[in-house]
Amino acid sequence: MTNSKNRQKKVSPLTAYDLGLTISEYNKVIKILGRKPNFTELCIFSAMWSEHCSYKSSKKWLKTMNYQNSSVICGPGENAGVIDIGNGLAAVFKMESHNHPSYIDPYQGAATGVGGILRDIFTMGARPIANLNCIRFGSPKYTKTKYLVEGVVAGIGGYGNCVGIPTVGGETYFNKNYNNNILVNAMTVGIAESNKIFYSKASGVGNPVIYVGSKTGRDGIHGASMASAEFDETIDSKRPTVQVGDPFTEKLLLEACLELMESDVIISIQDMGAAGLTSSSFEMASKGKLGIEINLDMVPQRETSMEAFEIMLSESQERMLIVIKKGKEKDAEKIFQKWELPFSIIGKLTNTGNMTLYKNSSIVAKLPIAPLVSEAPEYERKWKKTSHRNNLLNKKLKKINIEKSLLKILSSPNLSSKKWVWQQYDHMVMTNTLIGPGSDAAVIRINESPNALAITTDCNPIYVNGNPKLGAKQAVAESWRNLICVGAKPLAITDCLNFGNPEKPEIMGQIVEAIQGIKEATEYLDFPVISGNVSLYNETDGKAILPTPQIGAVGIIYDIDYIAKNIWKEDELIYILGENEIELGCSVFDEIIQNTGQFQPPLVNLEKEKKIGNFVLNKIKKGFFKTCHDISEGGALVAISELAINSEIGAEIEAPKGSSSEWWFSESQGRYIVTIPEKQKNTLENETKKINIPCFHLGKVKGNALQIHKEMSISLEELKTCNEAWLPEFMTN
Amino acid sequence: MKAKIFITLKEGVLDPQGKAIAQSLNNLGFTGINDVRQGRLIEIEIDKDNKPSAFKEIDQMCQKLLANTVIENYKIEIT
Amino acid sequence: MKAKIFITLKEGVLDPQGKAIAQSLNNLGFTGINDVRQGRLIEIEIDKDNKPSAFKEIDQMCQKLLANTVIENYKIEIT
Amino acid sequence: MKAAVIIFPGSNCDNDAKSALEKLFNAEVSMVWHTDTSIPKVDLVILPGGFSYGDYLRPGSIASKSKIVEDVINKGKKGTPILGICNGFQILTETKLLPGVLIRNSNLKFICENTFLKVENNSSIFTSRYKYNEIINIPIAHHDGNYFADENTIKKIEDSNMIVFKYCEKNGSISKNSNPNGSIKNIAGVINKSGNILGMMPHPERAYDKLFGTVDGSKVFTSLLDKLLR
Ligand SMILES: Nc1ncnc2c1ncn2[C@@H]1O[C@H](COP(=O)(O)OP(=O)(O)O)[C@@H](O)[C@H]1O
Ligand SMILES: [Mg+2]
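Residue numbers (the working numbering), protein chains in the order written: chain C, 1 to 733; chain L, 734 to 812; chain V, 813 to 891; chain A, 892 to 1121.
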C-alpha cells in the first residue's frame, strides 16, 4: 500500500502502546482490518479511540442521562445542544474543557479553548452571543498559581475580546488539589433560527468535501491522546504540541460560515477540533453511513513535507470541514474569498463505507468507517461508592466572632470578588448585556427584542468530594436557582465532567455517582442535559483533582422589564425565603473558621427547591420582587454582604431568635434573599404562609454599614475593600 | 552592560501576526515576499562586572520570564 | 534573501511593557537592572537579486507600514 | 441623517454603532466594506471599535492602509464629520489624521469598565450638547488605549483646544487614580484642528440606552444631529 514517496514508520504492538492504545485494543484493530494497520492508520485508530474522542470509560453512564423534554431540538451527540426558546429561535450551547493545554501554556491553552467552543456553536448555525469560563487553580501559595492565573485570564480575554463575543460570567476557584492540574472549562451560548440548525451528518454520494480556515501545521499532534493521559515529570518533553490561537481568523471564519449558511449550499458541517481532520471526517461520514475519500495533497498546509499522519492528526485551530451540494463550489468559494480564508476541495463522499486517504497519488490509508466507530472500546470500569465520613464529633467547636469571621471569609481566595478577572473581559460588546459578570446569572438580550437569555455556571467541588451524588445534584439545583434569581425560566443545562483517572474504582465511583446526581436533579426539575464534555485523567503523579462536574445552565426571560438584580433600595425589607437549617459540613465557614473536617455537604430537597423557585420566579415576573440573590457558598451573611456592596447601601439585620452565631454561615440549600417595599409586607407574609414556604424577616436596607444588633457593624467601605482587595493584591505582589 | 535579547517563534509555530503583516505588505504592492515572522526584541541595561556572569543571569531571566520557551526561542547578545 | 528589521521605541517614549518587565524581573529577585525596553523584530524572506535593492524595498515597507515613525526607530539588516 | 460605518476584517463594534444610530434617530446607515473604494455621501463616517486585523503589528496599523481609508482621509480633509471609536481612534492616529499614538495600557491588561469622563471641549460638533466640564459616564474596553504624544504635540493640542475628553473621578478631579490606562494628561478623546474628526477610546455607542446603565454617550451623536439640522 505504500510507495516510495510515502514511506511509513514500522508498526508493532509497541508502536500502538506508545500511541496510547492497549494491546487488546491493538488486536481489535487487526481484527477489524483483517491485517496489520500501517502507521497512518494506527494513528487514526489511536486518536478515534482515545478517551477524549470515544468516551470509552464514561459512555455507559452518560447514556443514562438521557432525559429530554419537548423543548429540546437537539440533545447530546452533536457539536452542541439546541433548545427551543420560542419565537422561532433556539439557544445553542455547550461547555468544553481545555485543561491540559492550559497548564502547559496558560495563554494559548485557554485562548484555544475559547476558540474551540466558539466553533462548536457556530458550526450549528448559531451566532455566539456569550462566553463563560470556569477556571480552577491550585492553592494561591503554590508557586505556579499566579503565573497560571495571569496567563489563563489573559488568554480567555485575548481570544473572546478579539472575536467580539462578550464574556459574561463564570467561576474562579482555588484549591490545592488543582496545583498541577488546573481546569479551564469554556462555555459558549449562541442563537439560531430553530428551523435552520446545521448538523454534521453527511449525505449525497459524490458531494464535495471542502476545507476552509487556517492552513494545517504540525500543531498539537496527538493532542487528543494527550488530553487523555496523565501528567508526569516528562511533561516538558510534550511541549511542542501546543497550538497557537488566531482569534482574528476565527472571527473571519465565524462571519464567513454564517454568511454561507444563509444560502442553500451546505449539507453538513463539522469543525476540526480534537484529532482534527480525523475525527471530523469520520464523524460526518459515519453519521451519514457513507464513505469518504480525501486527497491529502489538497489540504492547505503551512509547513513543508508533512506526512499523512501529521495532516490527519494536526490540531491546527480555526478550521472547518464542510460537505456542500455538488455544483455549489463557486458560491462557497466566493464567500471564503471575501473573508480572505484559505479554501480547498479536498475530497468527496463515496458509497464504499471506507475512509480512503490519498497522498502523492497513492492510497496511504484505507479504513472501514462503521466498525471503527461501532466497535470502539467501551469499558465497564469498576467503581466504588464514596464512603461518607463525619469527623464532627471528635472536634471541639471554637467560639466565634461574627464580624471577624465574616471579614475573613469575604477576603478569602474563593469568596473574594473576581472583578480583577472579568474586568479583563469585554462583557459589553454587542450591546446586549443587561446583567454582566458579578451577579447570580448573566442576562443577555436576544436580537434587541424584549427577550433575553440568562446564563450561569456552577459547581462546588468540595461538596462533590464529600458526596458526589449530592454534590452534583446541588450543582444542578444551584444553577437552576441562579437562573430564577434574575427572573428566568430555567430551560436546560450543559455539563463538563472533570475527574481523575477512571481506572481507579474510587474515581470511577465519583463519576458514576455524580452522573446519578445530575440525572436525578435534571429529571425532577425538568431541566435536560443537552450537551456536555468529559475530561478524565486529571491527575498528576497519581493525585487526582477534586471531582468537578461543572454545570452550565441557560434560562429564558420573555420580558426584560421584569428582571431582578443583586441591588436593593433604601428602606426596603429584607426576607429569606426557604428553610433555615444549620448545615456546615463542607462549608466555607468550616474550611476557613472551624476546620472540623465535616464531610457531609448540605442536603438538597428538590421538591422544596422547585416549590420555592417557582414562587420566586412568578413574583419576579409580576414585578413584585426586583431584588433577588440566592444564598450559596458562605451562607446568608455573605449573600447579604454582596447585596450591600453591590447596592452601596447597608442593612440592619438580625438572626432568628435563639440561633447561634453559626446560623449566619450555614449553607442550607434552596434559599433566596429578596427585598420588598414596606407596603408589600402583608402580601408576602400571607402568601408564603398559605403555601407553606418558610419566610423569615431578616431586617431592613439602611445606612452606610452592615449591622447586626449588638454583634457587628461593618462600614460599607470596609466591606467592599475587604472583598475586592484580595485578588488584585495577590496578582501584583 | 547592555544586552539585547531576540525572541522568535519556534519553527512550525503559527504566527498569526506575521501572516497578517505579509498579507498587508502584499496589498500595499510589495512583491516577492515569501514569509514574515514577528518576534520581540528586549534591551536590558544591567550592572554586572563581566560578560559571562551577565550572560548567565540574562539566560535565567529568559527562562523564567522573558521568553515563553514552550513556543519561543531566544538569543542573547551582550555588548 | 533574508532581512531582519529591529524596531525600537524612540528615546523619551513611554514603554509600559519594558517598565512592567523590569518590575517583574525585580520581583523575581534579579538585581542591578537599570532599564528595560521592549521592541519588535520582524524577519522577512524576500525574493530580490541584490542587497541594495532589497534594502530600499524594505526601507519603504518600514516607512509605509512596519514602523510608526512617530514613536519608533528602525534598523534593517540583510543577510 | 445618513451615516456610514466602515467594516474591516476583525471589526466587532460595527453593528453596535449601527444600532445606536438607528435607535437614536432612525439614521440611514450604510455598512461599507474595507475593500470598497469610496464611501457614499453621508453626514457622518464611523470607524468602529474592534480588532481590525487582530490588532496585529500595531492596533489600527494595517487597517489604516486599506483601500477605503484613502477615502476616509479624503473626506476627512474635506470636512466630513468622522468619528473613530476605540479601534477607530487607533486607526485615525495611524493615518495621522489625529496626532499622537495609542500604546499598550500601563497595566498591560485589557480593561473593560465604566469610566467617568470630563468634557473639556463642548464647542465641537460632537460635544455641543454637553456642558463645559460636564462629568459623564461611558465604558471603555481596550488593551491599547494609553494615549501618548511628545511634549510639543501635547502643547499644541492643548493650545488648540483639541482635547475633548479626559478620564476623571466621579467628582471630576483629574487624577492618576482615575486614569485607567496611563494616558498622558488622562486624555480619552482628541479632535483634529478643524474640528470634524474625533477619536475617542470610550464607547458612546454602548451608552445610549438606560438598559446599559448609562445614556451619557448619546450626546456625541445628538450634538452632531443638532448641527446638521441647523
Ligand atoms: N472567570 C470568570 N469569568 C467571568 N466572570 C466570573 C469569573 N469568575 C467569577 N465570575 C463572576 O463573579 C460572580 C460571582 O461568582 P460566584 O461566586 O461563583 O457566583 P454564585 O455563587 O452566584 O454562583 C458571578 O457573577 C460570576 O459570573
Ligand atoms: Mg448565586
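Mixed in with the good hints there might be a few duds.
What the hints assert, rightly or not - Taking lysine-lysine pairs in the DSS-like style, the calculated list, with each CA pair at most 30 Å apart, reads:
(1) A:Lys987 with V:Lys822
(2) L:Lys737 with V:Lys887
(3) C:Lys384 with C:Lys565
(4) C:Lys565 with A:Lys1000
(5) A:Lys958 with C:Lys215
(6) C:Lys418 with A:Lys1061
(7) A:Lys1000 with V:Lys863
(8) L:Lys737 with C:Lys215
(9) L:Lys784 with V:Lys816
(10) L:Lys743 with V:Lys876
(11) V:Lys814 with V:Lys863
Calculated from the structure, these hints are not laboratory results.
Checked hints:
no., hint, verdict
1, A:Lys987 with V:Lys822, "18 Å, holds"
2, L:Lys737 with V:Lys887, "14 Å, holds"
3, C:Lys384 with C:Lys565, "43 Å, violated"
4, C:Lys565 with A:Lys1000, "29 Å, holds"
5, A:Lys958 with C:Lys215, "26 Å, holds"
6, C:Lys418 with A:Lys1061, "23 Å, holds"
7, A:Lys1000 with V:Lys863, "41 Å, violated"
8, L:Lys737 with C:Lys215, "33 Å, violated"
9, L:Lys784 with V:Lys816, "25 Å, holds"
10, L:Lys743 with V:Lys876, "28 Å, holds"
11, V:Lys814 with V:Lys863, "10 Å, holds"
Checked against the numbered hints given earlier, this structure breaks hints 3, 7 and 8; the rest are met.
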